[in-house]
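Protein chains in written order, with our numbering: chain A, 1 to 470; chain B, 1 to 365.
Rather than coming from a laboratory, the hints here were simulated on the basis of the structure.
Any given hint could be a false lead.
What the hints assert, rightly or not - Cut-off 25 Å, straight-line C-alpha distance, at most; resulting in silico cross-link-like pairs (BS3-like, lysine-lysine):
no.: 1; chain 1: A; residue 1: K297; chain 2: A; residue 2: K274
no.: 2; chain 1: A; residue 1: K420; chain 2: B; residue 2: K209
no.: 3; chain 1: B; residue 1: K209; chain 2: A; residue 2: K461
no.: 4; chain 1: B; residue 1: K323; chain 2: A; residue 2: K407
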Amino acid sequence: MSASSLPFPVIVPMLRVPILKPMFLPFPFSLWPRTLLPPLFLRPTVVKFPPTPCRLTASVAVVVNPGLDRSDISYSRTTAVTRKPCVNLIQGLERVKEISRILRVRREIEELALTYYKQAYEHETFLHVTLQRKEILGGCCVLASCRQQRWPITVGTISCLLNGDPAAVGEVYQEMIKVLNIQAPTFSVTDVMEAHCQEYKVSPGHVPEELAEDSKGLTKRAIALVELAADSWIVTGRQPLPIMMAAVYLAWQSLKPNAQRLKMSLEKFCKLAKVQKSKTAGTRITEMKGMLYKLGKEIPWYKEVLTPDNVVSLVGDVLQHRFSLLRRALKSHELSLLEKCPAGQVNPSSAETSSSSDVSEDAGQTPVKSSVNAEKEKQGRDGDESLKSPSEESNPQTQELTQNWGKRVLFAPPCVVNAKRKRAERPPLHVTGDEEISDSEIESYIRTPQEARDFAMMQEKLFTSNNESS
Amino acid sequence: MDESALERYFDESIIHDSNFVLEEELELQGPRRVLSSTPSAQRPSQLAPKSRATGRSGDDLDLSFLPDELGGQNGPGFSSTGVLTCSQAVPPETKVPNDGAAGGGSDPVEERPEAPELSQDSGVSLDCSALASAAARPLQRTPAAELSTAASPFCVMTPMTPMTPMTPVTEGSGIVPQLQNIVSTVTLGCPLDLKFIARQARNAEYNPKRFAAVIMRIREPRTTALIFSSGKMVCTGAKSEEESRLAARKYARVVQKLGFSARFLEFKIQNMVASCDVCFPIRLEGLVLTHQQFSSYEPELFPGLIYRMVKPRIVLLIFVSGKVVLTGAKERAEIYEAFENIYPILKGFRKHLLFLPLKGRVWLH
Chain A
1 MSASSLPFPV
11 IVPMLRVPIL
21 KPMFLPFPFS
31 LWPRTLLPPL
41 FLRPTVVKFP
51 PTPCRLTASV
61 AVVVNPGLDR
71 SDISYSRTTA
81 VTRKPCVNLI
91 QGLERVKEIS
101 RILRVRREIE
111 ELALTYYKQA
121 YEHETFLHVT
131 LQRKEILGGC
141 CVLASCRQQR
151 WPITVGTISC
161 LLNGDPAAVG
171 EVYQEMIKVL
181 NIQAPTFSVT
191 DVMEAHCQEY
201 KVSPGHVPEE
211 LAEDSKGLTK
221 RAIALVELAA
231 DSWIVTGRQP
241 LPIMMAAVYL
251 AWQSLKPNAQ
261 RLKMSLEKFC
271 KLAKVQKSKT
281 AGTRITEMKG
291 MLYKLGKEIP
301 WYKEVLTPDN
311 VVSLVGDVLQ
321 HRFSLLRRAL
331 KSHELSLLEK
341 CPAGQVNPSS
351 AETSSSSDVS
361 EDAGQTPVKS
371 SVNAEKEKQG
381 RDGDESLKSP
391 SEESNPQTQE
401 LTQNWGKRVL
411 FAPPCVVNAK
421 RKRAERPPLH
431 VTGDEEISDS
441 EIESYIRTPQ
451 EARDFAMMQE
461 KLFTSNNESS
Chain B
1 MDESALERYF
11 DESIIHDSNF
21 VLEEELELQG
31 PRRVLSSTPS
41 AQRPSQLAPK
51 SRATGRSGDD
61 LDLSFLPDEL
71 GGQNGPGFSS
81 TGVLTCSQAV
91 PPETKVPNDG
101 AAGGGSDPVE
111 ERPEAPELSQ
121 DSGVSLDCSA
131 LASAAARPLQ
141 RTPAAELSTA
151 ASPFCVMTPM
161 TPMTPMTPVT
171 EGSGIVPQLQ
181 NIVSTVTLGC
191 PLDLKFIARQ
201 ARNAEYNPKR
211 FAAVIMRIRE
221 PRTTALIFSS
231 GKMVCTGAKS
241 EEESRLAARK
251 YARVVQKLGF
261 SARFLEFKIQ
271 NMVASCDVCF
281 PIRLEGLVLT
291 HQQFSSYEPE
301 LFPGLIYRMV
311 KPRIVLLIFV
321 SGKVVLTGAK
331 ERAEIYEAFE
341 NIYPILKGFR
351 KHLLFLPLKG
361 RVWLH
């Protein structure tokens, strides 16, 4: 029976106070009949001792209540009043509200975020962390609820709002997901694209006419470019922001590919659009241009020499016919590979394939059946990465292709195509773990006495000189 | 049997048997199936527009008939006239959760028909029973890639006998993950004077302000050890369990030689890290959608996908280049098992349609 279950507040102190004076009671307390004791008696009961000057220690106080057992109850529990909500929790909730309002999310998202925050805050993982971490937790709750409600924002946005490090945000986010046991699907680049395009101030009101671009058209083209880039493995595993910036830049250039726009560098464009330039966006632009060049090469009506630089003017055409161009590019790539390898063997080309086969299933396009067939024939036998034919080994060029499958295919992730040289690997030791360990080897790891003395002397000298200099 | 040989096999079978006809049948639903049972006389005309397949050498398979969305439904897809239809068997042990659609919050309309095949680790029972040579030998393929979508021409073939879901015979990936690092601990059983060790040993460094242990290194096997004053030691950098044990013993011997009564107690391997390369690019975005419970892919934070496998309890880092890092194992077998589990899943994302909930957008291969 706990004190809190009693209908009245009972103050039962746990005292370890020596009581010096004996308590004079009219009647030995212990002999009072229980029924006579009033229920509201609040004083601690002390075992009565004979009135001798002795030190009494009341180590425990007992709730006097007829019929109840005299178990110990702690002070903090019995004096507990209704807990006030933690101040930091309230502040955290306010912060979550603030973040949601800044992002202008829907009401449901805000409420969901608040629920998550309350839940996560109370959990032991987050209860005793620093205030800064709690603030990051608030941002993560907003992020999780946005993701669940399909409101596209990036981790970068949240970390900007929190003025925090994205890595720290990510860490707290992962923990929070585990604690709350929820699932929040990530966004792809195309989801976030629209919101991102809004940031670029290149609509007719903001910039001169020749440089202006309607935001809807710009967004549409940028999204198409990002999707195409995703097909060519430029997007997976990369930071989304530089890709988005590159896509918007190329889209803007290609929508009106006059000399003025083509000459404008990324930096100037960012200044024009009043966005902060990202360094890696330049690399992405190069990669995208490379991809567009590979596709643009297949355009039958373009008679001039195409280079990755002047491909921007063709972007519109490339995007419009991207599926058939993709097929043709794959086909010609296959043919070129066959040419490289001597005739008489079927060269199973690896990973690159299926876009053409998949293309046939794309709703909006009319597949060109003949080319589809031809390609499927060649790609049907793929899946086998290793080139088995011995004659290929002899050819150094194909050997290089063998080792780096990225060079064999039309589109591959750039990290594969530009593979870094591997460190020289250690040959594996074949040991049993129980071999004899030679003494000489162990001796080689131990200093000779002279060495040890020299070392100690040198350390002392260093130590003293450090002390002097500091 | 490796894949290319299998593929070649089936090509030949198509060439040689004129009974086989490629049919426009992947969705095994009622109205569609009616097509397959049309009398053979009509078939040549039906196929004329897409004919080329049978006429030429077996490698030309006309797959243009494959519909935009492939229902992963399976059912007996055969007809008495020996027409080939494709069907997919769902193996009873599908490791992958099928609620990728539900959990993802993605557009259910698009996801649902595709999720089953994306998430299935299914095998196709290919039974060329009509072939004299085949003698009704069922051949199965585990990799989902081979059968789902249009990618593989072998989706087209069907068994004559009704399809029953069979446990797929795993061919094995043929790739063996290489161990890269082993972390082990040993108790030396006696307190140590770290300052003394740092003075007396050539290969030791000790900076108490930075870290409260001596860092010792030996050349063979090339490893590093952290030796604590309590007598506990951590040995890292070995490439195999035996190497780690040998290295730990050498460190213990050094400490012994320095005058401490060190013993070699409770040697235990705490962690093993391995890596390998599957040699094809992987669609991480698709993988995170279908295996949401296990995967975490945040390109803004880390370029790889973190896959936490439940059984065995291993964490895999999967990268777009096809390189996979496996960690968290206490035994070598766990690593191999984990890789054999993940390989079919990865193959499924190799040449595969990805249906992401973006305005009906299809991500290719």
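Name the hints, by number, that the structure is in violation of. 1, 2
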